[in-house]
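Heads up: the protein sequence lines correspond to chains P and F, in order. Each step along the first sequence adds one to the number in the working numbering, with nothing skipped, and position 33 is 435. Each step along the second sequence adds one to the number in the working numbering, with nothing skipped, and position 533 is 534.
Among these hints, one or two may not hold up.
[What the hints assert, rightly or not] Quick look at which bits of chain P chain F covers, simulated, 3 or more residues with Cβ under 8 Å: (1) 492-503; (2) 517-526; (3) 531-537; (4) 593-601; (5) 623-630; (6) 638-649; (7) 669-675.
Calculated directly from the structure, the hints in this document are not laboratory data. Yeah, the Cβ is synthetic: ideal placement off N, Cα and C, and Gly gets one too.
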Amino acid sequence: MTGTSAQNGGPAAIAPSRQAPASQDVTFHHRHITTATDIHRFLYMLVIVIGGILASVLFAGSEFSSSLKLIFLALLVLTLKRWTGALLLAMVQVHLFLSEPRLTGVFSGLTNVVPVVLLMTLIMAVSRFRTLTSLSETSIPAMVLAILRGTSGSAPPGMPLANTGPSARNTGIFDTGIRQVLLALLLFCGCFLAARAVLFLVPEGTTLTGLNTIAEYRLRPGGYRLLVLGLLLFAGYLLTWLLINEGFWRRLSKGQAGIYLRSTMTHWLSPDLRSIILRRLRAKRRKSVTVKNVVSGTTDDIPTADNFS
Amino acid sequence: MTQRTRWLILLAVLGFGLGILRGQSMLALLSLSVLLWIYVEWLLFYWRVWRECPELKIVRRLNGNAGEQGYLWSGRRISVQVEVTAARGTLGPLVTFRDCLEENLRVVDGPSVGVLVQRSAGQTWNYTVEALGAGDVFLPGFHVTFQDHQGFFNAERFVAVPQRFRVLPQYAVAGDIQPRVKRMNSLPQHGIHRMQRAGMGSELLELREYVPGDPPKSIAWKVSARRGSLMTRQYESEVPVRLVLFIDGSIGTRLGGFGRRLLDQMNFVAASVTRTAISAGDPVGLVLFDERGTSRIPASGGERGFYNVLKNLAEFSTNPAPPGQRLTQELVLSAIRICHQRYPELMDPRINRVPFSLFPLSPWERRRHYQRSLLAGALAEIYQLPPQQMTNLIYDDSRMAWYAQSMLNEAGLAWMSPMIQTRNRGFHDGMATMQLLSKALTDCVSVARDNEVYVILANLLECATNIAHLMPAVRMALARHHRVIVVCPTPTFRRPQPDSFRQEVTAENLLKQAEDIRLAELSLRLRRTLCRAGAAVSISGEQQAIRMILSETQLARTGRVSAAGAARS
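Whenever a hint applies, use it, and build me the whole structure from the sequences.
The structure is reproduced here in structure tokens:
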């Protein structure tokens, strides 16, 4: 609509009155944010590629090793479009379910740390990549080209060589990303150790030391172990949940407290309030139908409150 | 907790259970490690949200103004700078800041969403917006989304950074324009114009015979000597030309997107004409009328008068409470979307509890019922309704529609679907406008002085068949030697193309052609009726209308009846 002569082809005599256009300094910060997101995406893409190649050894020794590896790699490629963390985990779990020997009774120690940490790193990289992709507007090929050009070390045309601002910044962002990945790896190792410690609390074996679970509880050792560990983990989770919940309720805002009180009261009185309100609405509708009929002058049966079914 | 987390937990719990039961230690280890990882991420996430959320400090500057109030211009670019810092410590990734902008502001450059990808003390980003139409713009704050790196957990908060701006209408600066009327050779005093009636001016109007009581200095001695009888000089009256703009703010002029409403066209014409008139020293007044009533702003001149007119136009352009509409699912969904954006804490199912009900039975209806109950809870808190009113909202469609519409209107949505159904506006809407306008014009004429120019900017096309209701007021104004100009903006008006019959025959094209023909006929009828009475008419809200008004004003200044050789319309 704006009615400017330039837009509507009118005579130049009526010229729009506009302010001078806003300064164009937007884009340093906008580009900086976009660059950081894209650099992190690129890093996690690298982690997925490397981790995928290493993790495919999980399927070595299996009957359908090459097919499984292909499917695994296909799932990793599908990450470009969708989040595949659950599918990756499911695939490895099914493979272990079918191929891992049962009830070895041998203490496996810490030899399983590498495949566990590797798979968790893959799930982490896939999840982070998808999260950053949802926040970024750049397509993946454009992102890769931009990163390779940006980290190539060559200065943009027209800029003095001494100006290392953008390159140095990109490298700093890359370093931060690598630090985050390393911290995540440490976390995974910690989780593995904690899991190992939890499983050690109730060790496996056909007959647990001094305890015949079948005679005592009519449960197989596996079932007993699952129950005890499950209760222990649930107790730990419940304690944490109570603490977090308590903190959440103590931090309610005034609006949240108001809505909670209102909704709780409505919850208690819901059946009564519902029936009262529905009855009133029905009465109002009957009244409006009656008025319409009176206005339109019909002499047919006019529904009243008495004979309305 | 997001969908990703739920799937991982489900798989991990299943894997752990099967691994323990079957004695497969690797399977159990892997699954338990994943569970513990999610558990640790959960703890870290909540810790981060609790620690960082209260420390968030956001400052928004529009054109360098960080104050809570200010003025903006429509049609001009506005630079926005957003600065996010932590009062203490740093802010960690990933945090998304989304500025809640009204529909009247259109982002032209840069992102209105900032993302914190790595831990830092703060971040600044800039973007540019453009205000599309005059009125009021309220920027309530930022929708902040905290996420962990993996997207396993997210928390939404709203950080209030309220700023309210009055958007003044855009205007065109007329250059050296005298489009159809020849300029007078003499330079009149600024703000004073000739009027061909007897008065105390300096230009000679006529000579008449001396009447006892005439001042002796007005006797024209030479002419008296020639005629042999005393003759008196009669001078012209010199009066300012007062411009009074009648602006129609009825529902029909407010429908449509910002910048495309009829009211926006009228604002542009009114502001442009005001600028030119005040530059020439003529005072300008306003009469603003809509369903709420009429308000009159007395004529004033100078820069103060100009900005007073613009401020009143901007205030008038702010949409009032919308007319009642039937409740539709789209209206409910729009309201829910706005609630999620501006009141995310109120949409948390843990505190906005929906009472259980056996009915409705079908899953789709249950989902609708659930959404409506959530919305009712949020609206009850926003408008401070008691619990029984909150339950009323769940079952009473008209009440829910009213509150949902109010909320959407306050959120700055334009009057379009789903907020207002634009079809079947009703013949009686135009009649009410006609009566208001007629009364306002009559009242204005009754208190008018000499030589006033009345510019009526109204949507008269819809009630053109009953223009007779307005004619008595128009004739009265013309009879008192005032000028009346009627400007009828029509954004949908398109002149029928000469080869329109060659267009593809589709239902849409046929409807368009039918609408064109109907509008052409109505405009012709309107023009004929008004021109016959002596008023000038323009069916346009752009340069044509401005040019015509300026021409008529120039005629009024020179005291001429019409431009030589030029038609009145």
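A quick look at each hint next to the structure:
Check result for the segment 492-503 of chain P against chain F: holds, 7 residues qualifying (beta carbon to beta carbon below 8 Å, three or more required). Counting residues of the segment 517-526 of chain P whose CB lies closer than 8 Å to any CB of chain F gives 6, so the stated coverage by that chain holds, three being the minimum. With 5 residues having a Cβ less than 8 Å from any Cβ of chain F, the segment 531-537 of chain P passes the three-residue criterion, so the hint holds. Requiring three or more residues with a Cβ within less than 8 Å of a Cβ of chain F, the coverage given for the segment 593-601 of chain P holds, as 7 such residues are present.
For the segment 623-630 of chain P, the stated coverage by chain F holds: 4 residues have a C-beta nearer than 8 Å to a C-beta of that chain, and at least 3 were required. Under the rule that three or more residues need a Cβ within less than 8 Å of chain F, the assignment of the segment 638-649 of chain P holds, with 4 such residues. Closer than 8 Å: that is the beta-carbon criterion, and the segment 669-675 of chain P has 4 residues meeting it against chain F, so the requirement of 3 holds.
Going down the numbered hints, you'll see the structure goes against none, and every one checks out.
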